[in-house]
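*Asks:* Work out the full structure, taking the sequences as your base and the hints as a guide.
Listed below, chain by chain, are the residues.
Protein chains: 2
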Amino acid sequence: MSAPLIGRLVVVGVGLIGGSFAAALRRAGQVGEVVGVGRSSDSKREALELGLIDRAESDWAAALDGADLVMLAMPVGQMDAVMAGMLPHLPAHTVVTDAGSTKGDVVAAARKCFGARIGQFVPGHPIAGAEKSGPSAARADLYEKRRVVLTPLAENASVAVDLVRQAWRVCGALISETTPEHHDRWLASVSHLPHLLSFALVSELAERPNAEEIFNLAGGGFRDFTRIAASHPEMWRDIFFANREALLAELSAYEAELAYYRELIESGDAADLEARIGSARAARTAWAERQG
Amino acid sequence: MSAPLIGRLVVVGVGLIGGSFAAALRRAGQVGEVVGVGRSSDSKREALELGLIDRAESDWAAALDGADLVMLAMPVGQMDAVMAGMLPHLPAHTVVTDAGSTKGDVVAAARKCFGARIGQFVPGHPIAGAEKSGPSAARADLYEKRRVVLTPLAENASVAVDLVRQAWRVCGALISETTPEHHDRWLASVSHLPHLLSFALVSELAERPNAEEIFNLAGGGFRDFTRIAASHPEMWRDIFFANREALLAELSAYEAELAYYRELIESGDAADLEARIGSARAARTAWAERQG
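Residue numbers (UniProt numbering), protein chains in the order written: chain A, 1 to 292; chain B, 1 to 292.
There's no promise every hint is true.
Identical copies look the same in the list; a pair holds intra-copy or inter-copy alike.
Derived SDA-like pairs (lysine to any residue); straight-line CA-CA distance at most 25 Å [claimed, not checked]:
id, residue 1, residue 2
1, 112, 91
2, 145, 161
3, 132, 291
4, 132, 179
5, 132, 219
6, 132, 224
These are calculated hints, taken from the structure and not from any lab test.
*Replies:* Here it is in structure tokens:
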């Protein structure tokens, strides 16, 4: 047997994202020991029972000793505090990456905490959420054929970026690379805004006195449109704040589009309305075909 | 063998909805002959080849002769013209129903065309769309455990409503009854508005010069949120116009909710934002559990 890619992996936040990363590496035989760190003892116990981690630690020095790779997989709102706690105990050879859904704020937090050691931090984002959360939702195949975006920094040694790239490749992910700024703007369009729109639809209906009757008439379209409205509230609150600027810009563009649809419907402009819907259908169908 | 529920069924519009209705009744042995009527000869030929219909007719007199039930399954924008063409040839014993996604406008069109014979028309709406359309998308199990809303009229004989109810029961559907007005208001909330929101997201992104790059970063949340954006443009154009008033009222309520989210994000109100998202998650989760 050749040595695994990662001798010791530390996962901070042993939920769906961190747990699935560990499970995928373990399934491939590419990790020696997995150490779990997190604020919830219940999650750590559950992760131990499920075999996602080999050891749970609440002490940074013990957790980080001999670590080859650290995966930060908590909600992005906790990045600052976690990085500040971790850094004094971080060995010089250890590579740190993250799974945060926003990159600009995470890189800013990392620059502040890591300082001259920023080269050790390789930012990343697996685009593979699910409405389920927690260790019990973790699956070794979560990342198969899913997109992972890395936003490497000028300070990263190529060996550090390679380690993170290889780890995701072992998980079966498709890897893209771009800048943190592009990442945040694009993700605001295709992920953060859709989540906001889906939350808003459901929370508005839920407030109504006859909500249950209305929901009873909902069908498959509603089910799919609102699946992401069951996503984790704290995680999404953090993402909306972390990517506020790009998200609000996307929201403005979207509101303008909605106003255009309203105008077409009010004025009875059948040809333009059908063309606009047709352009959505064509783009959605082409995308689905590219996804295979 | 006992006689089938429907000796002769006429399906006007042999696409996903009408074709699946015929296929389900046939699978259950509850239809004798299925006659297909429609403006597209390609669809009729395809429906014949697939065995969805036994006979295609373009002449109303030939199509309606001896018909027990007529299912109107074209886009709602064609109801007026179809009903006007059909009525002079409609036998007195024949029950007519429809699958239109809006009911107020269909009932208004029916009252105008049927006049004193309005008792023959039992309005209905199966909530079982799909992004696919056409005869090849038809499936005998499309309506299993799906909701069908009937909005019977005061003039309907109970035997006419019963026939339609039994036909849908044979298809495996769950049947609700309400007024056309309630139907339209509720469907605007849980179906028409979500379609509009999904079309708007995709058509806005599709216009951008870097649309393909952006779409490439889209994941599972985007896939589900935008599935309905691949729906049939003409059908949805018609629905938006047919249910314009209720839809625009829902859109206004939604825009107010979006403005509230914007305010929470701009002001950094973490507690209220998390609570609002939490209320969406709770309502969505409870609904999914009721659906089983």
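*Asks:* Now tell me if each hint is right for this structure.
*Replies:* Structure-based check of all given hints:
1. In the homo-oligomer, the alpha carbons of residue 112 and residue 91 lie at most 25 Å apart inside one protomer (18 Å), although the nearest pairing across protomers, at 81 Å, exceeds that limit.
2. In this assembly of identical chains, residue 145 and residue 161 lie within 25 Å of each other by CA distance solely inside one copy; the values are 20 Å within and 50 Å between copies.
3. For the identical chains of this complex, residue 132 and residue 291 are neighbours both inside a copy (23 Å) and across copies (17 Å), given an alpha-carbon limit of 25 Å.
4. For the homomeric pair residue 132 and residue 179, neither the shortest alpha-carbon distance inside one copy (29 Å) nor that between copies (37 Å) is at most 25 Å.
5. In this assembly of identical chains, the alpha carbons of residue 132 and residue 219 lie at most 25 Å apart whether taken from the same copy (21 Å) or from different copies (15 Å).
6. In the homo-oligomer, the alpha carbons of residue 132 and residue 224 lie at most 25 Å apart both inside one protomer (15 Å) and across protomers (15 Å), since each shortest distance falls under that limit.
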